[in-house]
Amino acid sequence: MNFYKSLDSDTKPIIIALGFVIMILIVGTIYTLSTQGTAPLLRPSYVLQQLQVGSFLGIVAAGMMMVILLGHIDLSVPWTLTAAAMMATTVGGPMAIPTGIAVGLAVGLFNGLGVAYLRVPSMIFTLGVDQVMRGLMVAHTGGYAPDTDATPLMRFLAAEKIAGVPVAIFVWIAVSLVIALILQRTGFGRSVYATGNREAAAYLSGIRTKRVIIGSFMLSGACAGIAGVLLAGYSSQAYQGMGNPYLLPAIAAVVLGGTRILGGRGRYLGTVVGVILIVLLNSVLSIMQMPEAGRQIIYGSVIIGMLLVYGRNQAVTS
Amino acid sequence: PEIVDGPGVDPTCFAPWSEDTKFFQWEGREGPFKIAVVNGFVGNTWRIQMVKTAKAFAEDPAIADKISEFRVVSTGTDAPAQLGAIEDFINQGFDAIVTIAVSPEGFDRVIRLADRNDVVLVPFDNVLDTDAVMQVNEDQLTMGRMWAEFTLNELAAKGVTSGKILEVRGLPGNSVDRDRSIGINEVLEASDGDWEIVSVVGNWDDGTTQKVVADAIAVHGEFVAIVGQGGSNGVIQALMDAGHPWVPVAGESENGFRKAIAEYSDEGLKGISIGQSPGLVAIAMKAAISALEGNVMPQLISVPLPVATYEELEDGLNYWSDLPDNFFTVNEFPPCGVNISGPAIMSQSETDN
Amino acid sequence: MIERFKYSLRQNRGFYGALLGLIVLYLLYNSLHPRGFSTAVLIQNANEAVVLAFVAVAQTIPVLIGGLDLSVGAVMTLASCIASVLVTGSPAEMTLGIILSVLAGTMFGLLNGLVVVYGRIQPIIATLATGAIAIGLALFVRPQPGGDIDGDLNWAITNAVFDFAETYGFADDGNAAWLQPIAWIPVPLIILTAVMLLVWVPYRRSVTGRTAYAIGSAEGAAYMSGLPIARAKIMAFTLAGFFAGCAGLYLAIQTSSGNADVVQAGEYTLKSIAAVVIGGTSLLGGVGTAVGSIFGAFIIRIIEFFFRINIGSFSIDPLLQTLFQGVVLLVAVSLGSLRLTRIKNRLDVFR
Amino acid sequence: MANGSPIVALKGVSKHFGATKALENVDFACHSGSTHAILGENGAGKSTLIKIMSGVLDPTSGTMEMEGKPVSFSKPSDAVDKGIVCIFQELSLVPDLSVAANISLANPPKRFGLIDHKAQNRIAEELLARINCADVNPNSLIRDLSLSRRQMVEIAKALGKNPKVLILDEATSALTSKDVETVYALLGQLKADGIASLFISHRMHEVEALCDTLSVFRNGTHVETFAKGTKSDADIVRLMIGREVGSHYPAKPNRPRPAPFLKIEQLAWERALKGVNLEVGKGEIVGLGGLDGQGQKELLLSLFGVMRGLQGTVTVDGTRIAPNSPAKAKADGANIALVPEDRKTEGLMLPMSIADNLIAASFNKVSNGPFIDGKKEDAAVRSAVEKLQIKVGDVENAVSTLSGGNQQKVVIAKWLMTDPDIILLNDPTRGIDVGTKQEIYKLMRELAEEGKAILFYTTDYAELIGCCDRVSVMYDGRIVSELEGDAITEEAIVAASLNIGTDGEAA
Ligand SMILES: Nc1ncnc2c1ncn2[C@@H]1O[C@H](COP(=O)(O)OP(=O)(O)OP(=O)(O)O)[C@@H](O)[C@H]1O
Ligand SMILES: Nc1ncnc2c1ncn2[C@@H]1O[C@H](COP(=O)(O)OP(=O)(O)OP(=O)(O)O)[C@@H](O)[C@H]1O
Ligand SMILES: [Mg+2]
Ligand SMILES: [Mg+2]
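Protein chains in written order, with this note's numbering: chain A, 1 to 318; chain B, 1 to 353; chain C, 1 to 351; chain D, 1 to 507.
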């Protein structure tokens, strides 16, 4: 208990979320034991498969965290992801993956310019950009009949295994290392926190806040692009709407990992744990064949419940 | 419209749904007509293909000079916007409005308005739970039954009499999902085999389907067969990635699914592909024009199910091995003079637009 | 009076900009429409816009306190599903059903408020979660789309005053002379106006309403000034629930049914935010009004209207409509940044 | 000291924030008809005391009585209901509401149960007139008012609540001298009306002019309460700081005026700057004087690259500079640092750690390539804390846990880390106690000795006189007078500030 109390407010959510992950595994296992007499959830193959699926969400969430730390949000992720995947498969060949990432970077740049220079609230600007990207992809598919087959390299990165471990997990780890390194060990990362806390003070400290905003959105776009490329590899194809299931879970994962939705605080490790939590929760609900109604209710209750636990010890300061 | 006795015009194309189907007749009038297509959501391949088919069909010489004005709008998944668009076209004096309803209920007002203004309203694909309008669709219940029957036949041929069958459902709450699932389960339950049916929700989306199928395989081990309502490419992908042996699979009509069946049927992927065709829009348009010309029309038009089993697949005819995976193969309905094929619509780079 | 207007004009540029935009767009639309400036067109437009308008009003109040309510679409859906079950039978039963469905929305809003205030969870994330719960409940109430709301009610509510009178057989079936000056007004607009007058206006001029503005502008100052913070926050979300409930009720009557459509719920939530911003309310809180959001909602709708009418060579390819809408949204919300060009002190950018 | 029973009395009140003991077993009383000063260093617990009295904070232990009866407030409005009204150090105005709405904020006049805007405006007009602020339009938004106007609205708002006890927590720190006069008169009036006023200020001359009773706090304890005139200034300062303090200001060096290093010519911006000419040499401290709002802040911000549309030239060491952002201003070539006006919103990221705040302007100094070097960072932070003697527990704590004075030191330390050539200071001692002020004066002089050029804006005449080698007084966007050496006197500054001898009178 003393240990728990001594944790700082950034670490506590991570521990709680980890506890919750374990709880979900236990509940799922009790369910499978009672219905089929086996405990597949504890098999490494299951865990690895969840991590593989989780790596797509994880990469999206990593980028999302960068903008949430600024107190912004990136609602353009679904169609940025889709556009990156579709453009990657359209171009094909060795340039496929760079194209996908470039699409992400370009959308991120555009978002960043809108938020930093036009100062349109990100909530609404990225919403518009998402719609524009959707429109572009509808026009693209409708007008040019693009090739949608993933390249072998995309297949390899997303679907294949090295020594039994899905390659996608390594990609997630690599992205995670980069993001964590940026956040903790670079001036840019510290500037993200500073800008997220108080933009005026960061600006008057000589931090180039516009570049920080643009940079963060570009990272978010790039992550969406990487996720899109991987996802296309995983499904062997790019298809309309492939990014839609990733937006809200990514935001939820970041927040459940302890990042403040208004920006300025949060640790990357938390986001990783948040992703695992969401992925496992979805999977266990699916295994339990929970009807959609119950699934939504549980989903919402878990988020509220966990945030209540995080927040309980917070003091009110006027 | 007036309710009249059958038979209706051109029964090979406008087949009545069942023996009890009523017939409608509108007062015939002079063309050319103003026709609108009110789509809901746009942003998946099926809908894009549908919109393109509609445009292409409107320019088809067979009907082009019967149409004076043709307009397509997509309103998103937004019931008031769709109702509003339909009402707007009624107000503008359009003769017929073809629509994919965002919900099977809720069109009372526009049906009433269409009646008052003598406008022909033709829902298709997602049809309405009403017999007050002329509608065009494939029979979803039968589709579900056929999937299940095929699967049971293939299992019987392999001598399998028990095991787990995976059912992949579509979008929760949707009537198509409901009907297909009822059909599937009806047949499976009626069979003598000892089946455990595991059901997962794939939203008709390749990615979601792939994920939930992979999950199910990780948890349940092997299935003896899979009956999927949609996202069939995802089913195939999940099976391949998990190294799951090929088993009978029932699914939709995506090109990728058919390619896979053609390639692996020898190894056990005994597949059946039945599709809800984006080409339905053309039949709905044709039906609308026919009604406007004063012909007797069935209230509910049943479009034959485009079925292709592994035995019937032929490259370049009902699937295309050199084309992308995710367009819908069945698009044309020769008895109706609808000859716009999937690849023609989805695979030619357009220069003129 | 004039002076007050001058200040109001200066302090509410977004609001007046939206009003101007609305007028221009609507006149243009009507003049291009073959039956422009007719009751039929007005009724159709009103029906199409009123649900979004209610949801936009619902969104405005949490936004004013500096939060966001990502559950408005879901609460609307929940209320409409409940209404589709309850608004049927005898007039008394229907009335009760109407009250209960709006009350359900209101109670859900209250729940949001309690979670935000006593759970001390950021509104945006709290309502993201409760929105899922609301959709779950809606699916529970109505697993499949359907319902049998009274057809007369549907017809009477979605038409002009004349048809309303005709349906229920009063004022000489709508032919009474005294009714004629207002016979052409669409009922949805009357409902919207009435609800705004009865709920929003008093709220705006109450201490609780003022507190909402104060919280959005400077929460610490509001607290120090002894304003009832907790009450105002709970009230803000409760009212959001109420207006979302009204939206749901209207939606149910308009479609004679309920449909627990997750996608539609999400779309309404996002559009409500867009409407609020276009209507001149700051997402940072403290500035704006619900009337502006109604204008915003109408503007969003009118933009879509243009896809339907014949605008000659400007007709937009059906597959480019989405793109066009996105671009228009981006341009509309970017117009606000014109103020940046006037800023001479770069620190003012951060306000 | 006033006689009779106290109107408010605190008995054995303590307030702890975690390990910090902001107040410890405090007994305190004040009386009707008295103007009572509360003195103490930064962090002595003054604000905490009045927050408890006004219901913002709950005491950890102890009781409070009003007119002999025990009271406890759970929220600020409880205190207001009992007649305790407070003007806080951090203003409690709502920027997006009108002046009139703010004045009647929590308790507006109503008609038919709804807020009555006409009556609200009338009330505002009356109260504003009472404090000589009839020029403030009740319809304008607080956001559009200057800091000093806002402070006057705050006072009007407090008066509107008909206080029995009026508390002013550094309420005069941002006022212009004309307004200060008004406030003096007002407090005299209130005293005559039998109202108890509690007055917190770090400006001794104000305290002397206004108050009849003084209470000194130190480290969360109540040291002593005594009547005005019973103790000398030096005694009071000793009570506050707990030790003897020598001369207020460090000695100015006696040497010829250095060559100009920073040179400003005909600088103009909007309506605030109308052609400013100014020179600052290395090793010099140049003061900017004048009434508040004559363009001093704009001048500093202009130099720091914040203002758009500048005209005129600025040269540093002979090369022309035109920074268009603080980032450029601090970069090589200009090497400018600015300690901004409002440390809470412009100087610090309050929830972030002290260490993060300290290095926020100099990531490049503690990095290898793009990566921050942990060792360099620790060393830099440690040396900054030592150099400015910032009282910190752990540098990883949030900077918001520091007292005002220490927060200000963090801001200064942050900028010293960038090793600037030119230091712009915008009222750096506002709300800071005597002891810390002295440290800052000393530091300024040391920095000047190291060869930095310092431009220093303050509203306190004494500081201009005590600290500066030269003083430039601004009036209406221009420098109207330059004083040097012995010419820097209070009379000269005041005269120049009011621009006496030219066209107008004080704004
Ligand atoms: N919310 C808080 N959390 C933690 N510590 C606090 C808090 N508020 C005040 N303190 C601490 O309590 C002590 C007293 O602070 P207080 O604000 O009362 O000082 P003060 O005398 O008003 O100083 P100043 O003259 O700088 O305004 C300080 O050490 C301060 O850091
Ligand atoms: N009758 C009036 N006379 C003068 N000023 C007014 C009057 N009514 C409102 N105002 C001020 O004009 C601005 C806009 O007024 P509006 O009526 O839209 O808001 P409000 O509901 O009155 O807001 P508040 O409650 O904050 O005053 C507000 O700042 C308000 O204080
Ligand atoms: Mg008001
Ligand atoms: Mg203080």
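Simulated from the structure, these hints should not be mistaken for lab results.
Be a bit skeptical, because a hint or two may be false.
[To be verified] Below, computed lysine-lysine pairings styled on DSSO-like, alpha-carbon distance capped at 30 Å: (1) C:Lys-344 to D:Lys-75; (2) A:Lys-161 to B:Lys-22; (3) A:Lys-12 to D:Lys-391; (4) D:Lys-344 to A:Lys-12; (5) D:Lys-252 to D:Lys-191; (6) D:Lys-178 to D:Lys-110; (7) A:Lys-210 to D:Lys-191; (8) D:Lys-442 to D:Lys-376; (9) C:Lys-344 to D:Lys-344; (10) B:Lys-66 to B:Lys-22; (11) A:Lys-12 to D:Lys-375; (12) D:Lys-110 to A:Lys-210; (13) D:Lys-282 to D:Lys-442; (14) C:Lys-344 to D:Lys-328; (15) D:Lys-164 to A:Lys-12; (16) D:Lys-75 to D:Lys-178; (17) D:Lys-365 to D:Lys-391; (18) D:Lys-376 to D:Lys-365; (19) D:Lys-178 to D:Lys-69; (20) C:Lys-344 to A:Lys-210; (21) D:Lys-11 to C:Lys-344; (22) D:Lys-391 to D:Lys-252; (23) D:Lys-228 to C:Lys-6; (24) A:Lys-210 to D:Lys-164; (25) D:Lys-344 to A:Lys-210; (26) C:Lys-6 to D:Lys-110; (27) C:Lys-344 to D:Lys-274; (28) B:Lys-22 to B:Lys-34; (29) D:Lys-75 to D:Lys-11; (30) D:Lys-75 to A:Lys-210; (31) D:Lys-231 to D:Lys-442; (32) A:Lys-12 to D:Lys-376.
Each hint tested on the structure:
| no. | hint | verdict |
| --- | --- | --- |
| 1 | C:Lys-344 to D:Lys-75 | 41 Å, violated |
| 2 | A:Lys-161 to B:Lys-22 | 59 Å, violated |
| 3 | A:Lys-12 to D:Lys-391 | 28 Å, holds |
| 4 | D:Lys-344 to A:Lys-12 | 27 Å, holds |
| 5 | D:Lys-252 to D:Lys-191 | 42 Å, violated |
| 6 | D:Lys-178 to D:Lys-110 | 34 Å, violated |
| 7 | A:Lys-210 to D:Lys-191 | 52 Å, violated |
| 8 | D:Lys-442 to D:Lys-376 | 27 Å, holds |
| 9 | C:Lys-344 to D:Lys-344 | 23 Å, holds |
| 10 | B:Lys-66 to B:Lys-22 | 26 Å, holds |
| 11 | A:Lys-12 to D:Lys-375 | 27 Å, holds |
| 12 | D:Lys-110 to A:Lys-210 | 46 Å, violated |
| 13 | D:Lys-282 to D:Lys-442 | 17 Å, holds |
| 14 | C:Lys-344 to D:Lys-328 | 17 Å, holds |
| 15 | D:Lys-164 to A:Lys-12 | 46 Å, violated |
| 16 | D:Lys-75 to D:Lys-178 | 34 Å, violated |
| 17 | D:Lys-365 to D:Lys-391 | 24 Å, holds |
| 18 | D:Lys-376 to D:Lys-365 | 8 Å, holds |
| 19 | D:Lys-178 to D:Lys-69 | 40 Å, violated |
| 20 | C:Lys-344 to A:Lys-210 | 17 Å, holds |
| 21 | D:Lys-11 to C:Lys-344 | 53 Å, violated |
| 22 | D:Lys-391 to D:Lys-252 | 28 Å, holds |
| 23 | D:Lys-228 to C:Lys-6 | 50 Å, violated |
| 24 | A:Lys-210 to D:Lys-164 | 50 Å, violated |
| 25 | D:Lys-344 to A:Lys-210 | 21 Å, holds |
| 26 | C:Lys-6 to D:Lys-110 | 24 Å, holds |
| 27 | C:Lys-344 to D:Lys-274 | 15 Å, holds |
| 28 | B:Lys-22 to B:Lys-34 | 26 Å, holds |
| 29 | D:Lys-75 to D:Lys-11 | 20 Å, holds |
| 30 | D:Lys-75 to A:Lys-210 | 40 Å, violated |
| 31 | D:Lys-231 to D:Lys-442 | 27 Å, holds |
| 32 | A:Lys-12 to D:Lys-376 | 29 Å, holds |
Against the hints set out earlier in the document, violations occur for numbers 1, 2, 5, 6, 7, 12, 15, 16, 19, 21, 23, 24 and 30.
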